[in-house]
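Undergrad: Construct all of the structure, not just a fragment, from the sequences and the given hints.
Residue numbering for the sequence shown follows my numbering, starting at 1 and increasing by one per position.
These aren't lab readings, by the way, just hints derived from the structure by calculation. Virtual Cβ for every residue (Gly too), placed ideally from N, Cα, C. Be careful, since some hints might not be right.
[Stated by the list, open to error] Estimated spans, in silico, between C-beta atoms of each pair:
{"hint": "1", "residue 1": "64", "residue 2": "36", "range": "31 to 41 Å"}
{"hint": "2", "residue 1": "40", "residue 2": "190", "range": "39 to 49 Å"}
{"hint": "3", "residue 1": "214", "residue 2": "149", "range": "25 to 35 Å"}
{"hint": "4", "residue 1": "106", "residue 2": "161", "range": "11 to 21 Å"}
{"hint": "5", "residue 1": "134", "residue 2": "227", "range": "14 to 24 Å"}
{"hint": "6", "residue 1": "146", "residue 2": "205", "range": "18 to 28 Å"}
{"hint": "7", "residue 1": "171", "residue 2": "228", "range": "33 to 43 Å"}
{"hint": "8", "residue 1": "124", "residue 2": "145", "range": "18 to 28 Å"}
{"hint": "9", "residue 1": "61", "residue 2": "174", "range": "34 to 44 Å"}
{"hint": "10", "residue 1": "41", "residue 2": "133", "range": "22 to 32 Å"}
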Amino acid sequence: MAEDAYAFPPYQSRRKHRLVRPPLFRRRKPAAEEWLARLRADAARPRRWRLPDHREYRLIALCIFLLFAAVWIGRPDDPDLATPGDYAPSNVGGRARIVDGDTLDFSGTRVRLSGIDAPESGQSCRDRHGATYACGHTARTALAEKIAGQDVRCEAHGTDRYRRRLAYCFIGDLDLNEWMVREGHALAYWRYSWRYLPAELAARMAGRGIWQGEFKTPEDWRHSRRAAR
1 MAEDAYAFPP YQSRRKHRLV RPPLFRRRKP AAEEWLARLR ADAARPRRWR LPDHREYRLI
61 ALCIFLLFAA VWIGRPDDPD LATPGDYAPS NVGGRARIVD GDTLDFSGTR VRLSGIDAPE
121 SGQSCRDRHG ATYACGHTAR TALAEKIAGQ DVRCEAHGTD RYRRRLAYCF IGDLDLNEWM
181 VREGHALAYW RYSWRYLPAE LAARMAGRGI WQGEFKTPED WRHSRRAAR
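TA: In structure tokens, the structure reads:
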């Protein structure tokens, strides 16, 4: 009975039987301090690496598929689009006349360097100092100086809309297509081939050729010229 005499309702004073406020809860830390405390706790916790499960693999595969689908569907109608069809692979070789930075002429047979896109003959770019220069002429001159009258061997694998042969061209074992991209005189035409992407990344990191300043891609330059007509 003695214990029941001292059993008071919650939040009621034992002295005068008056209601009082409930005890205050401890003050919470500010959001920033709480966030930092969680970060420190996560950093101190040992981490155990694991391989992705099958659901994550499916998500990664879906993302890759959607990326390829977007690139394929979003391709513009460009005159340099390869249309190999039933074209039988063939070789073209000999002394070449340089038409521009990505086109050669073998006694009337036009060859388009496949997988690359060089600035057009009338195209201009800006160098690292902001000065304008004829990057299309520079690309043509660089290709001409590299060939320098040597015999060129081209492995054709298709034709474009202009009936030019699409080919990988070589001087000995040197891939001319790759050399043009690696020296920054042409871009990797990754919309149709990823073969020269590593060479483009090397030229971009080194700031060679057109990568030293600002330029419009040859494809965009051609589109702007057509729109202005």
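Undergrad: Indicate, hint by hint, whether the structure satisfies it.
TA: For each hint, the structure was consulted:
no., hint, verdict
1, 64 - 36: 31 to 41 Å, "holds, 37 Å"
2, 40 - 190: 39 to 49 Å, "holds, 44 Å"
3, 214 - 149: 25 to 35 Å, "holds, 34 Å"
4, 106 - 161: 11 to 21 Å, "holds, 20 Å"
5, 134 - 227: 14 to 24 Å, "holds, 22 Å"
6, 146 - 205: 18 to 28 Å, "holds, 22 Å"
7, 171 - 228: 33 to 43 Å, "holds, 37 Å"
8, 124 - 145: 18 to 28 Å, "holds, 20 Å"
9, 61 - 174: 34 to 44 Å, "holds, 38 Å"
10, 41 - 133: 22 to 32 Å, "violated, 57 Å"
Checked against the numbered hints listed earlier, the structure breaks hint 10 alone; every other hint is satisfied.
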